[in-house]
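Peer 1: Here's the letter readout for the chains.
Number of protein chains: 2
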Amino acid sequence: MSSDDLAELGGLTSAQVRKDLSVFGNFGVRGRGYNVDDLHGVLRKILGLDQTWLCVVVGAGRLGSALTSYPEFASQGFHIVGVFDSDPKQCGRQLGATIVRPIGELEEFARKESASVGIIATPASAARESADRLIRGGIRGILNFAPTSLDVPEGVSVRHVNLAIELEGLSFAITTADLPGELA
Amino acid sequence: MSSDDLAELGGLTSAQVRKDLSVFGNFGVRGRGYNVDDLHGVLRKILGLDQTWLCVVVGAGRLGSALTSYPEFASQGFHIVGVFDSDPKQCGRQLGATIVRPIGELEEFARKESASVGIIATPASAARESADRLIRGGIRGILNFAPTSLDVPEGVSVRHVNLAIELEGLSFAITTADLPGELA
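Top line first, the protein sequences correspond to chains X and D.
In terms of this note's numbering, the first sequence opens at residue 1 and continues consecutively.
In terms of this note's numbering, the second sequence opens at residue 1 and continues consecutively.
Bear in mind the hints are in silico, worked out from the structure with no lab data behind them.
Misleading hints may appear alongside valid ones.
The list cannot tell twin chains apart, which means a pair is met if one copy fits it or any two copies do.
In the DMTMM-like style, the derived pairs of lysine to aspartate or glutamate whose C-alpha atoms are separated by at most 25 Å in a straight line are [stated by the list, open to error]:
hint, residue 1, residue 2
1, LYS45, GLU166
2, LYS112, GLU168
3, LYS19, GLU168
4, LYS112, ASP132
5, LYS89, GLU107
6, LYS45, ASP4
7, LYS45, GLU168
8, LYS19, GLU166
9, LYS89, GLU129
Just chain X, same shape as in the assembly (with noise of 0.2 Å):
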């Protein structure tokens, strides 16, 4: 497959996919393109995704009830290992293929299952003890659907998820869809 044929899929410039690629090593034969299932495989192996990593989510309520049996995160080799709560109600109940444990087991599980991926599907108000929690236990990524920020230390990766900011952008189409010039 040739650049132009990468950029066609992807919306991009040839020039800027072969820059881009180029950064991670020299993957095509110049006028013969990309070998499509090498090019596969090295992605897999940038992304991380040639392995499993193993995930535990903080909050059983419906987002995190949602997230657990999310098909594709399992698909993409994140593999849910534990459900945790705060509310001694949520406890105990099955989620997906695990039950809901007390939040005071949180460290000892995740360092006991060897788990490296935390997923806080808490209120704001819980997010900050969560990610102390997660740290503790030797997480080293954290996907944070909280609305609040999360101060980690260096070696910890954060993302955050808010689903408002996907309606805003929308909002933002929407609205300007309807204005005529520069702004459409």
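Got chain X; can you put chain D on it based on the hints?
Peer 2: Then chain D, alone, in the frame of chain X:
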């Protein structure tokens, strides 16, 4: 507030802040900066957040249920007025401030309520039919959580949310944190 202050808050340069805001008009006063209340109001208007957006959700499973009770939506002006599902067992049950209705009622309901935003929280196999129904119901923007591309007519905006991609970004960050040199 100066463009320097805004730049620091946003992790940008002050020149970029001034340039980006100038696309939308002349808000700042040279040497004095921006009036925070004025700027806040203008930005909310640009983003379409000065109005109420009526939303319908397709899919009353775990993800749809979580989205329907996501508190940040309402606080940003996005009000979920209807939830629809193809499963008769889901229909009739209370969800947030509404009840789950049969999918066949979507078009008429959306038109009658003047809903303008549709949220697709179905499996991939049902996403395209859901989008067609939303469009026939007069929806102007779609937030799609199903892992499928959608063909929509001009004048309809679509945003895709793939939660697995957020985890992939995290696994990339963790993987590269282990690497020495340029990648890390």
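Peer 1: Can you give me the call for LYS45 and GLU168, within, between, both or neither, at a CA distance of at most 25 Å?
Peer 2: between (33 Å within a copy, 11 Å between copies)
Peer 1: Reference check for the pair LYS45 and ASP4, CA-CA at most 25 Å: within, between, both, or neither?
Peer 2: within (23 Å within a copy, 39 Å between copies)
Peer 1: Given a CA cutoff of 25 Å, do LYS112 and ASP132 count as a within-copy pair, a between-copy pair, both, or neither?
Peer 2: within (17 Å within a copy, 48 Å between copies)
Peer 1: Is it within, between, both or neither when you check LYS19 against GLU166 at 25 Å Cα-Cα?
Peer 2: Classified as between: cross-chain Cα gap 24 Å, same-chain 29 Å, threshold 25 Å.
Peer 1: Tell me, please, which holds for LYS45 and GLU166 at an alpha-carbon limit of 25 Å: within, between, both or neither?
Peer 2: Between copies, since 16 Å is at most 25 Å while 29 Å is not.
Peer 1: Checking LYS89 and GLU107: alpha-carbon separation at most 25 Å within a copy, between copies, both or neither?
Peer 2: Within. Shortest intra-copy distance 20 Å satisfies the 25 Å Cα cut-off; inter-copy 39 Å does not.
Peer 1: Checking an output row: LYS112 and GLU168, CA cutoff 25 Å. Within, between, both or neither?
Peer 2: between (41 Å within a copy, 24 Å between copies)
Peer 1: If the cutoff is 25 Å on CA atoms, where do LYS19 and GLU168 land: within, between, both or neither? Let me know, please.
Peer 2: between (32 Å within a copy, 21 Å between copies)
Peer 1: Checking an output row: LYS89 and GLU129, CA cutoff 25 Å. Within, between, both or neither?
Peer 2: For LYS89 and GLU129, the Cα distance is within 25 Å only inside one copy (20 Å; across copies 38 Å).
In this structure, none of the earlier numbered hints is contradicted; all agree with it.
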